[in-house]
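Visitor: Sequence:
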Amino acid sequence: MNRIKGPLKLSSPLTRSYLYLLKNDFSDPCGSFLYLGINIQEVPNISILKEEIKKKKENDFRDIDPDNLKLWKVEIPAGDNRLKQLMSNAEIDIDSISKDFGGAMFLDPMLNITRYFPKTYNPPEEHVHILVQLPPPSVTTGSGQLKSLKTVKEIIEMIKKEARKKHNTSESSDKIYMPLQQRNFELAVDKISQTTNANVDEMEGNSNYWCLVSAGAPGIGKTRFGKELFEYVKQNWQSLQIWADIHFEYLYMNFGIDLQLDVYDCDLPATVIFGLRIAFAFFIEDDYDMTFQVFRSKALLYAKGNDIFIAESVIDCCYESLKLYNNQKLFLYLHIYEFQVIDAWDVWDAKNTTKSPGELFKNIIRIISKYMIKQKLIFIQPFLSGTAPQAVAAQKEASNISIYTVDCPLLDNASMIRIMDYFATKYEAQTYPNRVYKWKLCAPIIQLLMDTGGLPRALERLLIICFKKLCDGKTFFQEIESHNYDNIYTDVKGDLQRMYNIYDDVKRNPFLHKKLLYYCVEGIPVADTLCLDEKNPDLTIENLQRDGHIVLSPCDCGSFIKMPFFFIHIYNDILKIVSEKLTNKAFQVNQHMYWQEWDLFVLHHETFRTNLAIEMGITDMTLGQLYPGAYGSDDYLQLIHINLKKLSICEANEQFPATKKLTSKPDKKPIELESGDVIVLNGASSKFSDIILVRMNGIKYLFMLQWDYGSRDMTEKEAVDDEDIKI
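Using numbering that gives the first Met the number 0, the letters of the sequence shown map in sequence onto residues 0 to 726.
Source of the hints: derived by calculation from the structure; they are not laboratory data.
Ideal placement from N, C-alpha and C gives every residue a C-beta, glycine not left out.
Capping the alpha-carbon separation at 25 Å, the derived lysine-lysine pairs in PhoX-like fashion look like this: (1) Lys-322 x Lys-369; (2) Lys-149 x Lys-297; (3) Lys-118 x Lys-53; (4) Lys-373 x Lys-322; (5) Lys-664 x Lys-644; (6) Lys-233 x Lys-322; (7) Lys-233 x Lys-328; (8) Lys-226 x Lys-425; (9) Lys-373 x Lys-233.
Label pairs and their computed distance ranges (CB to CB): (10) Pro-356 x Tyr-700: 55 to 65 Å; (11) His-604 x Phe-247: 48 to 58 Å; (12) Lys-233 x Ser-401: 19 to 29 Å; (13) Tyr-176 x Lys-72: 48 to 58 Å; (14) Tyr-426 x Lys-160: 43 to 53 Å; (15) Leu-323 x Thr-528: 40 to 50 Å; (16) Asp-66 x Glu-185: 53 to 63 Å; (17) Ser-355 x Lys-160: 32 to 42 Å; (18) Ile-377 x Thr-489: 45 to 55 Å; (19) Gly-557 x Tyr-249: 32 to 42 Å; (20) Tyr-426 x Thr-618: 48 to 58 Å.
All chains, full assembly: derive it from the sequences and hints.
Guide: Here's what the structure looks like:
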């Protein structure tokens with residue numbers, strides 16, 4: 000971690016500087032202001048600026064080589080209260096400063112100073128303009144001398160001695176084991192078999208070696224797929240004769256949280272950046288109470304240089320630590336999670352240094368490919384999970400391996416029912432005499448399962464609330480008829496909103512999210528390159544999936560946008576497509592599902608679709624567009640156009656067309672059916688139609704929506720007499 004030592008003042012023109020000195024110790028309980036006068040316009044480059052800083056403040060930089068100082072360009076108001084908070088915080092870093100004050104630009108020592116401070120630059124007065132980051136303090140032995148450690152093994156053992164062991168923790172109440180469903184491992188295993196066979200034969204050509212990639216929206220089950228695939232391979236391995244004895248190891252590397260890339264990696268070679276993280280994940284993370292940042296600091300101090308922790312040396316050390324006998328083959332299944340973070344860091348690093356874009360990711364793939372292509376005691380099978388498949392595809396040409404994307408579809412209804420049956424068996428749920436579980440006839444549970452849309456994370460939240468938050472699993476099934484399912488729905492919705500932060504996204508760009516909702520509800524296929532915001536060309540379907548905004552389901556003409564019903568409700572909370580007055584009726588979980596309730600759902604669905612289209616600026620549609628998939632002559636579906644009007648909802652007391660003058664429940668006010676802006680739930684048991692509305696385009700068209708399953712076909716003559724309707 001870093002410590003703000005104090006700021007040094009700068010006034011315009013640029014001849015005086017306020018500098019923040021970031022130190023890697025906690026000896027100073029509060030920040031102090033230091034004054035430094037340097038004419039930056041007379042300094043030719045960043046390296047000379049470092050030397051000038053050291054000369055001016057020799058005591059503050061005692062025993063520090065100027066080359067070890069890192070400089071960052073910032074603009075921070077000297078009197079800002081946030082600045083005082085930063086100075087009093089013992090755990091402050093560049094990332095926090097960048098977040099709070101709008102950016103920190105690394106000053107590359109190879110570049111001319113005018114690159115960052117041009118002669119035309121007029122700095123704001125009473126501001127901090129440069130941060131000085133000091134190297135971490137030296138760690139010494141009892142005699143005051145730094146230990147001389149020359150191997151990865153020696154350094155790891157020393158760090159372990161200094162670290163605290165983790166305590167065993169009880170099972171979290173916020174986790175639940177959900178059995179895997181609807182995941183086909185056969186194709187992925189076939190790619191692994193092709194790769195191992197090619198490795199044995201040392202075949203040439205990247206089409207013989209496969210890196211497995213699981214890409215898609217957060218919560219789709221990518222990480223789970225990777226873990227389960229390893230177990231499947233391990234249990235079903237068909238040993239190659241030359242690999243008669245194999246030791247399997249699973250190594251999980253989370254670049255999203257545990258192994259985050261940061262500014263301290265800027266000066267490290269790619270192989271060391273990767274090697275340090277392999278070492279931490281393999282030797283430290285599971286057993287010791289230590290963050291990666293602390294581990295990295297200690298490792299580099301003991302190493303006295305970068306070359307000890309190159310990835311190849313660390314991988315060799317991993318093999319040696321397993322103490323395998325007689326040169327036993329190691330099958331290392333390397334699961335890299337949130338790979339898109341590596342790609343994003345590469346972009347940031349290229350902007351702030353002289354490095355080429357994609358350098359780290361490219362080198363990581365190259366390092367891994369060495370252990371796939373050549374016969375070694377160690378074979379590495381990479382599995383990458385994240386949200387940006389294009390980031391991996393960009394590395395293909397430079398890596399001598401091919402990319403295979405595994406399929407992680409949304410769960411279908413049968414899979415969700417099997418998962419629920421698993422818990423019913425586990426918790427001894429009641430059954431009927433024919434051994435069918437009683438939960439399967441509980442309409443609210445079925446509805447909640449459907450509301451998850453098959454998104455594994457949404458289903459997991461539902462199960463956690465039912466079996467852990469509300470009560471234990473056994474009690475849940477015993478009292479299945481008495482639970483408040485509206486409350487369960489609300490709790491799941493709230494958890495998903497917090498996990499995905501949908502409200503903030505919708506508020507930032509409501510029109511974009513109306514479009515997403517429209518494409519989803521209407522089932523309109525989209526191409527990866529489709530841009531949904533003319534003002535922002537980066538908002539393509541491809542990038543929205545990468546950033547976790549949407550779930551895509553491939554189809555012949557692109558992809559369909561999918562989202563759980565919970566997400567649609569969350570969108571509507573902000574977009575107000577369905578009014579607040581109707582929200583509870585439209586989204587509530589019914590304790591019992593009757594045909595009348597189904598009619599109400601269809602009523603609200605028709606209203607939602609129409610009003611959403613109007614929000615999109617669409618006021619005219621053909622019948623085929625209004626009702627995609629409808630049967631009928633093209634003369635009707637494609638040639639008849641309908642003007643759209645925003646709809647409100649009414650429930651009629653009377654049966655239409657037996658009575659033309661309809662009144663609404665419960666106020667008995669007249670319903671103006673011919674206005675075209677009202678959709679009506681017909682009186683109960685009407686044989687003509689369950690739902691009626693009028694749409695217009697010069698001519699008034701009467702639409703009827705009718706569900707009458709199990710009855711004989713109804714003729715037009717039986718439904719309505721010649722004089723019944725004159726609209």
